[in-house]
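Student: Each chain, written out:
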Amino acid sequence: MDGDSSAWTELVRAQHRRVYGLCYRFTGNPTDAEDLTQDVFLKIYSNLASFDTNRGSLQVWITTMTRNLLVDHFRRTKKQRVTSSLDDGWESAEELKPIDRLTSRSVSPHESAASNELAKMVQEALARVPVDLREAVILRDLQDMDYKEIACVLGIPEGTVKSRISRGRAELARLLERNRREVM
Amino acid sequence: MTERNFNPNSPACGQWEVLLADSLDGLLKPEDEAIFNAHLVACPACSALYEEARRGREWMEFLSPEPEVPAGLLDKILANTGPGHEAGYRLATAGGNVIPIRPVSIPAWQRPGLVARVQRYAEPRLLMTAAMAFFSITMTLNITGVRLSSLRLSDLRPSTMRSYMERQLTMASTPFIRYYDNSRLAYEVQTTMRELRQTTGVGEQGEGEDNRQKPQNLAPGESKQIPVPGNRGQQTDPPQQPDSLAAGPAVLPAINYSDFLETSLISQLRPAHSGGSRRESWERSTVWIA
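Chains as they are written, first to last, in my numbering: chain C, 875 to 1058; chain W, 471 to 760.
Read the hints as simulated data drawn from the structure, not as lab findings. Beta carbons are placed, not taken as given, at the ideal position from N, Cα and C, and that holds for glycine. A few of these clues could be false.
Unchecked claim - Result set (SDA-like, lysine to any residue): computed pairs, CA atoms no more than 20 Å apart in a straight line:
id: 1; chain 1: W; residue 1: Lys546; chain 2: C; residue 2: Ala888
id: 2; chain 1: C; residue 1: Lys952; chain 2: W; residue 2: Leu597
id: 3; chain 1: W; residue 1: Lys546; chain 2: C; residue 2: Ser920
id: 4; chain 1: W; residue 1: Lys546; chain 2: C; residue 2: Asn921
id: 5; chain 1: W; residue 1: Lys499; chain 2: W; residue 2: Gly484
id: 6; chain 1: C; residue 1: Lys952; chain 2: C; residue 2: Asn903
id: 7; chain 1: W; residue 1: Lys546; chain 2: C; residue 2: Arg887
Said to hold, decoys possible - Among chain W residues calculated to face chain C with C-beta under 10 Å, some are:
id: 8; residue: Leu494
id: 9; residue: Gly496
id: 10; residue: Pro535
id: 11; residue: Pro540
id: 12; residue: Ile547
id: 13; residue: Thr551
id: 14; residue: Arg648
Just need the whole structure built from these sequences, with the hints factored in.
Tutor: Right, here's the structure in full:
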């Protein structure tokens, strides 16, 4: 890719949505996600020479760099971060309780809008899941990576990856259920 | 739903937890299925975890659509990176030639992320540590007499530092040595006077009460006027004694000459802090001058 402008453009075009999605799901903030995505590609571009195909796929390499930047960002902003309450989101969805909507799977005239609201609530709840569980869940459920790839990205054993995924999912459900009870 | 935190309380629960992800993702092997289901039925805690994890996985499906990428993000990335980024630094001339210009290196304080990096280390805990270290170093330098403004590279040589430290130690120890020498002189004089006293035998008689009236605060130099033994009574009449000090002569005849000499020397070593009154001092001086 040395000096090949079209190859780099193609790479950015193919990967920037996935990188942005990962950043957005991890931070829950579109502005931070946009800045972090640019930082990720800057880092990728400056470290292209260090990419080794024998050590993993390009996707795993990019995901690893993204994850490392996200963890750095998380630690940097730990004290400044203000976790917003989930109450606002729940109060805005007045027509049908989200858990009922999820279990009933009924079709409503405002399904699309309600789905967006639910996605917002889940996103806010996901931002409150502990970071080590959150990253495992995101990589598995949103990035469709297999356990081996996740283990490579996170640098932990595969069994630990599975354990964190299960705990992260359970924690997310607990957070949403707890908030639902508070609203009701 | 019960509110609890899952903590594997047995190896079976820990092993089952690993299989849980496989089960929910449809990747559970047939040979593990029986073990997984058996434990799921037998362990209430793991059964509750299974339900929560299943619901959590379903919640995550709401986030499966990729978030909308902000407009212009791709252009921003390409503008900041890639070979095209360097093309921005080329200068087109009128003749159609392109003069490449080396990218301007951005100073460290202008690079992105510097402020965040500074903020990370600008915690009060670290700042206080740095401040304490600074004050400690400053105090140490002040105490040792080191001035940074007059410090030269040659001063940092080991031999120079060693000689400097030796000089400082000598200067610090000089007062102590001087004090010790003075004390030694005082003891030597005392011992000499004691020996003189014993030799002359004067101190053997009649000095029981007189010795209690030793002068405490004699002026230096009085020891030159030592009275002749046996004639001490004649020297106790001051020619002109002030009225306020009339009681002086009554005491002085009983004072031993060797006592005067001894205390006079001691008072030289303790100039103004011996505690005696000025009046007594004056009395003794008067006696000896007469």
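Student: If a hint holds in the structure, say so; if it doesn't, say that too.
Tutor: Okay, the hints, checked on the actual structure:
Pair hint Lys546 of chain W plus Ala888 of chain C holds up; C-alpha atoms about 15 Å apart against a cutoff of 20 Å. Our distance criterion of 20 Å between C-alpha atoms is met by Lys952 of chain C and Leu597 of chain W, whose separation comes to about 19 Å. Restraint check for Lys546 of chain W and Ser920 of chain C: the C-alpha separation of about 16 Å stays at or below 20 Å, so the hint holds. A C-alpha spacing of about 19 Å is found between Lys546 of chain W and Asn921 of chain C, which places the hinted pair at or below 20 Å, so the restraint holds.
Proximity of Lys499 of chain W to Gly484 of chain W is assessed by CA-CA distance (about 17 Å); at most 20 Å being required, the pair is judged to hold. Distance restraint check for Lys952 of chain C and Asn903 of chain C: the Cα-Cα separation of roughly 14 Å lies within the 20 Å cut-off, and the hinted pair is therefore satisfied. This hinted pair checks out: Lys546 of chain W and Arg887 of chain C have alpha carbons roughly 12 Å apart, not beyond 20 Å. With its C-beta approaching chain C no nearer than about 7 Å, Leu494 of chain W sits inside the 10 Å limit, and its interface hint holds.
Given the 10 Å rule on beta carbons, the hint for Gly496 of chain W is violated: about 13 Å separates it from the nearest Cβ of chain C. For Pro535 of chain W, the interface hint holds, the least distance from its beta-carbon to any beta-carbon of chain C being 8 Å, beneath 10 Å. For Pro540 of chain W, the interface hint holds, the least distance from its beta-carbon to any beta-carbon of chain C being 5 Å, beneath 10 Å. For Ile547 of chain W, the interface hint holds, the least distance from its beta-carbon to any beta-carbon of chain C being 5 Å, beneath 10 Å.
Taking 10 Å as the C-beta contact cut-off toward chain C, the hint placing Thr551 of chain W at the interface holds, the least distance being around 4 Å. Restraint check, Arg648 of chain W versus chain C: the minimum CB separation of about 59 Å is more than 10 Å; hint violated.
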